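All chains, full assembly: derive it from the sequences and hints.
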Amino acid sequence: MAAVTDSFGSICWWSWKLHPSTLIPTNAPRKDCWGVSYSSTSFCASRGSTVDIPCTYGFPRDQTVTTTHWYREVENGQDPIDLHLEEDYEGRVEHLSTEEHNCTLRIRDVGETDSGKYRFRYKTNTRGGAFSGDVVTISVTELQVSMTADTVTEGSNVTLTCDTTSCYLKADTPFIWYKNTQPTRHRAINSTLHLNPVSSEDAGSYSCAVRGHEQHQSPEAALDVRYPPRNTAVFVDHHGEVVAGDSVNLTCRSDANPPVHTYTWYRKTGNQTSLLGGGQSYVVANISYETSGLYYCVAQNSVGEQHSAAVSVPIAGNITF
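Everything in the sequence shown is counted per the UniProt record's numbering, starting at 1 for the first residue and increasing by one.
What the hints contain is simulated information worked out from the structure, not anything from laboratory work.
Here the structure is a predicted model, which is why all the values come from computation and not from measurement.
Using N, Cα and C, we set each Cβ at its ideal position, and we do this for glycine too.
Keep in mind that a hint or two might mislead.
Said to hold, decoys possible - So the derived label-pair ranges between C-beta atoms look like this:
1. 167 to 128: 32 to 40 Å
2. 106 to 201: 36 to 44 Å
3. 156 to 262: 19 to 27 Å
4. 85 to 157: 52 to 60 Å
5. 128 to 42: 25 to 33 Å
6. 241 to 157: 48 to 56 Å
7. 292 to 186: 45 to 53 Å
8. 85 to 142: 27 to 35 Å
9. 194 to 86: 37 to 45 Å
Structure below.
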């Protein structure tokens with residue numbers, strides 16, 4: 001215990017503890033001593049959320065408090081203005097308790113302009129009986145989505161984090177995640193969303209918000225999921241029956257991200273496979289016995305490749321080459 005004298009000569013008792021290299025009070029001021037105590041002197045809040053500043057204050061027993069108010073730190077000797085009287089705070093501020101010695105403040109729907117320094121001040125019925133607490137700093141931050149990588153390959157993993165731009169929110173702040181404006185099916189852990197393994201269905205635009213303040217979502221961040229060609233197939237384009245001498249157009253189609261950059265055509269005859277050429281389409285000209293066989297394509301992108309099933313071209317008369 002340590003005895004300290006306040007600015008009015010009153011003797012007050014505080015208890016102290018060592019913290020890392022300095023002594024700090026562990027309790028609120030005695031109710032019969034001048035003083036203001038906060039749970040913290042620094043608060044971080046996301047835009048649109050609510051800030052509560054737990055606060056207690058004390059004064060001599062033989063005095064009566066006549067006025068109490070919170071105000072923003074002023075400069076150039078200006079008189080402080082009660083937050084309740086400031087237009088910018090109208091309907092957004094309140095004292096959470098009417099109990100004597102409780103000065104807890106709540107500010108709703110905070111925005112960037114609410115960032116700043118605040119003090120609690122009170123006066124009593126004696127001459128010179130006024131006291132202002134220490135400065136309390138409020139920092140209002142925006143949310144943003146960061147990713148370990150914004151382009152990933154299907155089957156790998158990625159972590160998305162709901163970050164802040166200017167200060168750190170409490171570790172237990174609950175978040176909600178959105179994909180393409182809809183709540184995501186994945187389960188988030190605190191401010192992080194783990195996608196492991198990543199599926200092509202996970203590609204999209206992600207945003208986050210503090211739960212309870214969903215109307216204030218972060219800007220969207222796009223996640224691109226790459227995957228090799230799939231559903232590769234050959235389509236035969238010909239009107240009517242195919243007869244000898246006709247030409248038939250074959251088209252190779254595939255789903256891939258990034259898009260297929262190379263298509264290669266092959267013809268299989270018995271145990272032999274012949275390379276025919278490249279391009280998404282291939283024309284089998286002047287169909288005859290020499291053009292017989294099974295045709296297939298190979299689609300390739302930077303992630304991998306896939307072979308289509310082989311197709312034959314039926315000719316009228318039930319003869320198939």
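Evaluation of the provided hints:
no.	hint	verdict
1	167 to 128: 32 to 40 Å	holds, 37 Å
2	106 to 201: 36 to 44 Å	holds, 42 Å
3	156 to 262: 19 to 27 Å	holds, 23 Å
4	85 to 157: 52 to 60 Å	holds, 54 Å
5	128 to 42: 25 to 33 Å	holds, 30 Å
6	241 to 157: 48 to 56 Å	holds, 53 Å
7	292 to 186: 45 to 53 Å	holds, 52 Å
8	85 to 142: 27 to 35 Å	holds, 28 Å
9	194 to 86: 37 to 45 Å	holds, 44 Å
Against the hints set out earlier in the document, no violation occurs for any number.
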